[in-house]
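S.K.: Read top to bottom, the protein sequences are chains A and B.
1 is the number of the first residue of the first sequence in the numbering used here; add one for each residue after it.
1 is the number of the first residue of the second sequence in the numbering used here; add one for each residue after it.
Everything labelled a hint here was simulated from the structure, so no lab data went into it.
Some hints could be false.
[To be verified] Cut-off 30 Å, straight-line C-alpha distance, at most; resulting in silico cross-link-like pairs (DSS-like, lysine-lysine): (1) Lys37/A / Lys51/A; (2) Lys581/A / Lys92/B; (3) Lys581/A / Lys87/B; (4) Lys87/B / Lys210/A; (5) Lys154/A / Lys189/A; (6) Lys92/B / Lys545/A; (7) Lys453/A / Lys581/A; (8) Lys154/A / Lys37/A; (9) Lys545/A / Lys100/B; (10) Lys82/A / Lys51/B; (11) Lys545/A / Lys581/A; (12) Lys42/A / Lys189/A; (13) Lys151/A / Lys208/A; (14) Lys189/A / Lys208/A; (15) Lys51/A / Lys210/A; (16) Lys37/A / Lys82/A; (17) Lys87/B / Lys208/A; (18) Lys42/A / Lys154/A; (19) Lys51/A / Lys189/A; (20) Lys51/A / Lys208/A; (21) Lys154/A / Lys82/A; (22) Lys581/A / Lys100/B; (23) Lys581/A / Lys554/A; (24) Lys189/A / Lys82/A; (25) Lys42/A / Lys87/B; (26) Lys82/A / Lys51/A; (27) Lys82/A / Lys210/A; (28) Lys92/B / Lys51/A.
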Amino acid sequence: MKSQPYIRYVIITIIFLLFGLAIIVQLVRINYTTYAKELLAKSEDYLGVNKTIYPARGTIYDRSGNILATNQIGYELGIDLKDVNDPESIAFATANLLEDLDYVDIFEIANTEQHDVENRYYTISSYVSEGTILELERLEEAYALRRGETKSTKPNLDGLVWTPMQQRSYPEGTLAANVLGFYNYFSRKTAQGVYGIEEAYNRLLTGKPKTIYVPNDPYLVEELPEINPGASLVLTIDREIQKMLEDTLAEAIDWSGAEGGTIIVADPETGEILGMASTPFFDPNAYWEYEETFPGITPYNRAVGSTYEPGSVFKIITMAAALDSGVVTPETTYVDATGVYWVSNTWPIYNWDGGAWGEQTMTGCMQYSLNVCLAHVAIDLLEEDLFYDYVQAFGFGRSTGIDLASEANYPLRLPDNNQWVVMDLATNSFGQGIAVTPIQMVAAVSAVANEGKMMLPHVVRSVVDQGQQYNVNTQVVNTPISAETSETLTQMLTYTLEEEASDALVEGYSVAGKTGTGDIPTEFGYTSELTNASFVGWGPSDDPKFVVYVWIEKPTISKWGSVVAAPVFHDVVEQLVVLMKIPPDDIRMGLTNE
Amino acid sequence: MKKSPLQAYKQAPWRIQLQWIGLFLLGLVLVASITGVYLSISAQAAATGRKIQFIENDIDEISNEIAVLTTNLASDRSTENMLSRAKNLGFKLMNTNEAKYLEIPGYDPDTDLELAPPRVNIIAESPIIKSDYKSSIWDWFVKQFWYISDNTISSEGDHAP
Chain A
1 MKSQPYIRYV IITIIFLLFG LAIIVQLVRI NYTTYAKELL AKSEDYLGVN
51 KTIYPARGTI YDRSGNILAT NQIGYELGID LKDVNDPESI AFATANLLED
101 LDYVDIFEIA NTEQHDVENR YYTISSYVSE GTILELERLE EAYALRRGET
151 KSTKPNLDGL VWTPMQQRSY PEGTLAANVL GFYNYFSRKT AQGVYGIEEA
201 YNRLLTGKPK TIYVPNDPYL VEELPEINPG ASLVLTIDRE IQKMLEDTLA
251 EAIDWSGAEG GTIIVADPET GEILGMASTP FFDPNAYWEY EETFPGITPY
301 NRAVGSTYEP GSVFKIITMA AALDSGVVTP ETTYVDATGV YWVSNTWPIY
351 NWDGGAWGEQ TMTGCMQYSL NVCLAHVAID LLEEDLFYDY VQAFGFGRST
401 GIDLASEANY PLRLPDNNQW VVMDLATNSF GQGIAVTPIQ MVAAVSAVAN
451 EGKMMLPHVV RSVVDQGQQY NVNTQVVNTP ISAETSETLT QMLTYTLEEE
501 ASDALVEGYS VAGKTGTGDI PTEFGYTSEL TNASFVGWGP SDDPKFVVYV
551 WIEKPTISKW GSVVAAPVFH DVVEQLVVLM KIPPDDIRMG LTNE
Chain B
1 MKKSPLQAYK QAPWRIQLQW IGLFLLGLVL VASITGVYLS ISAQAAATGR
51 KIQFIENDID EISNEIAVLT TNLASDRSTE NMLSRAKNLG FKLMNTNEAK
101 YLEIPGYDPD TDLELAPPRV NIIAESPIIK SDYKSSIWDW FVKQFWYISD
151 NTISSEGDHA P
């Protein structure tokens with residue numbers, strides 16, 4: 001027979017075993033209840049967060065290393081629902097400090113926890129200034145004091161969180177904004193470059209964002225993957241030249257009462273754009289005001305995004321074609337007996353002054369910008385096939401391929417088009433009835449200034465990515481004319497400027513160039529009194545280092561390119577030679593001879 | 001009957017108990033040591049994890065500070081600011097006729113800006129070292145094992161009808 005103490009031991013053992021078993025059963029049961037699943041799902045939310053790491057957007061430099069676009073700090077403002085206990089105060093504070101936030105919307109988000117636990121973090125503003133964050137911090141301190149005084153849990157901003165983020169900054173303000181474009185960073189997920197370099201090189205500048213899981217458990221913490229910043233770009237733009245161009249253009253617009261304008265400076269030997277000014281000027285730091293600055297169809301950058309009938313500057317192309325094909329020489333004469341050239345005996349072409357200029361050499365035709373002479377050259381000597389072959393060889397009718405977004409192009413009307421008439425050939429010869437962009441004109445004229453070689457116009461000089469620099473190679477697009485033709489035409493246009501004592505001339509420097517006054521077509525024909533005044537020139541004539549293109553749109557002080565655009569060219573070149581360190585011809589020749 | 005001291009030692013009940021207690025204590029010490037090492041390593045791992053988190057935060061903060069300083073520097077050196085500073089210092093813009101040109105042998109005003117070393121072909125430049133020279137003995141063993149296994153399977157496959 002078992003003793004009494006032994007039975008007690010057995011009973012106690014059984015009780016403990018049953019108790020332990022009950023605990024195990026309860027543990028298993030809890031793990032398989034619906035509540036346990038919810039709890040597990042909720043706990044996962046606290047284990048860590050999926051974080052998208054956005055690489056810093058690449059910096060944009062001018063050709064000397066001055067920063068044109070970089071990043072500064074803004075703050076992302078969000079609500080972490082697990083910490084919110086006073087949605088009213090959060091909604092009140094944010095709606096008061098941020099104009100674009102609404103009290104009701106914020107309150108709804110801050111109050112979500114009661115019926116939605118799946119998402120616990122909401123971004124309410126992607127970029128908030130440091131000043132606003134300082135205000136929020138001050139408010140938080142004031143609320144804490146008030147809570148201490150009233151022994152209450154409210155007002156309270158717990159759950160309102162701000163995280164520093166990098167946002168785009170343009171330290172030069174409006175300078176080169178038309179070239180740079182802008183970055184619409186307000187919505188981080190949809191942010192992208194718009195216009196200019198920012199759009200054309202958006203993928204390179206942005207880099208590759210990466211989403212990673214960041215655990216809160218320190219045991220699981222791993223080194224964050226290395227995320228390379230976006231590539232940086234070195235532009236061909238020279239900050240000093242750009243500043244000079246924008247100042248000169250602003251003065252010219254003001255002085256001439258024009259609607260708008262653009263000035264481009266390019267290196268004909270490389271196709272590098274050294275400066276590109278266009279109106280209206282715009283501060284990309286406040287890119288949200290874009291629509292106010294560019295209402296309707298106003299182009300962001302007239303230099304690449306706007307087509308117009310250039311007028312007589314296009315005569316350079318016609319004369320280049322005639323000289324290169326051998327149908328004329330500078331001494332070939334044309335007799336302008338009546339001041340009228342009849343196209344197909346039906347349509348008359350007149351000179352700019354309506355007068356007859358008698359016998360003129362080709363140099364004279366260019367000097368006095370005679371429409372009848374150039375119409376004769378195109379129709380009677382070149383004829384349509386040869387003329388349009390050259391026009392296309394100079395790149396008209398297609399985009400130049402410049403590395404800027406939103407380049408415009410107006411298709412050429414060619415003889416194989418049903419709508420083409422021989423009158424088109426006549427008007428095209430002096431730059432009417434044909435629409436071009438300023439950058440197309442620069443690219444074409446660069447060929448005349450660069451021994452016949454037309455270079456690809458470009459704005460990016462180097463790309464710096466992952467610690468390595470890649471320099472963009474210059475590229476010959478075409479050779480529409482020979483080096484001899486280029487030299488001959490440059491000499492002709494240098495001579496004509498000097499003979500005319502043009503306002504474009506710069507003391508000490510020989511420059512070649514041509515004025516242009518383009519009539520503006522309306523729905524009723526060329527009825528407008530307003531014109532497009534242009535001037536294109538290059539220099540020094542014996543060894544061109546720059547091409548300058550000036551387009552003043554609808555000036556009111558005078559309609560003539562020689563009056564409006566030529567002086568602007570003069571002002572630009574006078575400052576440009578100093579900035580480019582080009583000595584006057586006599587000094588340069590002396591230095592070369594030495 | 002004469003008994004050996006060893007037998008006496010074995011048969012003494014207190015000695016047997018002592019043996020068990022000794023064994024138990026030995027086990028306890030072993031478990032405590034392992035637990036101690038485990039706890040120490042865990043604590044170090046957790047501390048290192050936290051350090052990594054702090055360092056990552058520091059990296060973010062430093063990147064942000066660099067961005068702010070870069071922007072401030074760029075603003076201070078912007079064209080407007082530089083022109084205004086130059087004017088305040090008594091400088092004025094130069095005219096063409098005021099310029100004096102001198103030839104400086106070897107000076108090129110338009111040299112390429114170098115922000116980073118030029119791009120190089122990484123594949124061509126990297127030294128060619130066989131992976132065998134960089135692997136551990138264990139890596140090598142595993143590789144050989146799989147190599148033999150693969151060869152065996154493929155050679156069996158070759159004989160399949």
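S.K.: For each hint, tell me whether it holds in the structure or not.
M.R.: Hint by hint, here is what the structure shows:
Annotation: proposed proximity of Lys37/A to Lys51/A holds, straight-line Cα distance about 25 Å (limit 30 Å). For the proposed pair Lys581/A and Lys92/B, the alpha carbon gap of about 17 Å is at most 30 Å, so the pair holds. Under the criterion of a C-alpha separation no larger than 30 Å, the hint pairing Lys581/A with Lys87/B is consistent with the structure, at around 21 Å. Restraint check: the Cα-Cα separation between Lys87/B and Lys210/A comes to about 48 Å, which exceeds 30 Å; the hinted pair is violated.
For the suggested pair Lys154/A and Lys189/A, the alpha carbons sit about 34 Å apart, so the restraint of at most 30 Å is broken. Of the supplied pair hints, the one linking Lys92/B and Lys545/A holds, its CA atoms being roughly 26 Å apart against a limit of 30 Å. With a C-alpha separation of about 24 Å, the suggested pair Lys453/A and Lys581/A falls inside the 30 Å cut-off, and the hint holds. In summary, the hint linking Lys154/A to Lys37/A is not supported, as the alpha carbons are separated by about 33 Å, beyond the 30 Å threshold.
For the suggested pair Lys545/A and Lys100/B, the alpha carbons sit about 19 Å apart, so the restraint of at most 30 Å is met. For the hint linking Lys82/A to Lys51/B, the alpha-carbon distance of about 25 Å falls within 30 Å, and the restraint holds. Between Lys545/A and Lys581/A the alpha-carbon distance is near 11 Å, which keeps this suggested pair within the 30 Å criterion. For a cut-off of 30 Å, the pair hint linking Lys42/A to Lys189/A stands: about 26 Å separates their Cα positions.
Taken as a hint, the Lys151/A and Lys208/A pair is broken in the structure, with Cα atoms around 49 Å apart against an allowance of 30 Å. This hinted pair checks out: Lys189/A and Lys208/A have alpha carbons roughly 13 Å apart, not beyond 30 Å. In summary, the hint linking Lys51/A to Lys210/A is supported, as the alpha carbons are separated by about 8 Å, within the 30 Å threshold. For the hint pairing Lys37/A with Lys82/A, the CA-to-CA distance comes to about 19 Å; that is within 30 Å, so the pair holds.
The straight-line distance between the Cα atoms of Lys87/B and Lys208/A is roughly 44 Å, outside the 30 Å bound, and the hint therefore fails. For the suggested pair Lys42/A and Lys154/A, the alpha carbons sit about 26 Å apart, so the restraint of at most 30 Å is met. For the given pair, Lys51/A sits about 13 Å from Lys189/A by alpha-carbon distance, which is consistent with the 30 Å threshold. Of the pairs offered as hints, the one joining Lys51/A and Lys208/A holds, with about 14 Å between alpha carbons and a cut-off of 30 Å not exceeded.
The straight-line distance between the Cα atoms of Lys154/A and Lys82/A is roughly 16 Å, inside the 30 Å bound, and the hint therefore holds. Note on Lys581/A and Lys100/B: the hinted pairing holds, with a Cα-Cα distance of about 10 Å set against a maximum of 30 Å. Proximity of Lys581/A to Lys554/A is assessed by CA-CA distance (about 33 Å); at most 30 Å being required, the pair is judged violated. The hinted pair formed by Lys189/A and Lys82/A meets the criterion: a straight-line CA distance of about 24 Å does not exceed 30 Å.
Of the pairs offered as hints, the one joining Lys42/A and Lys87/B is violated, with about 64 Å between alpha carbons and a cut-off of 30 Å exceeded. Restraint check: the Cα-Cα separation between Lys82/A and Lys51/A comes to about 18 Å, which is no more than 30 Å; the hinted pair holds. With a C-alpha separation of about 26 Å, the suggested pairing of Lys82/A with Lys210/A holds against the 30 Å cut-off. Of the supplied pair hints, the one linking Lys92/B and Lys51/A is violated, its CA atoms being roughly 53 Å apart against a limit of 30 Å.
Violated hints, in rising order: 4, 5, 8, 13, 17, 23, 25, 28; the structure is consistent with all others.
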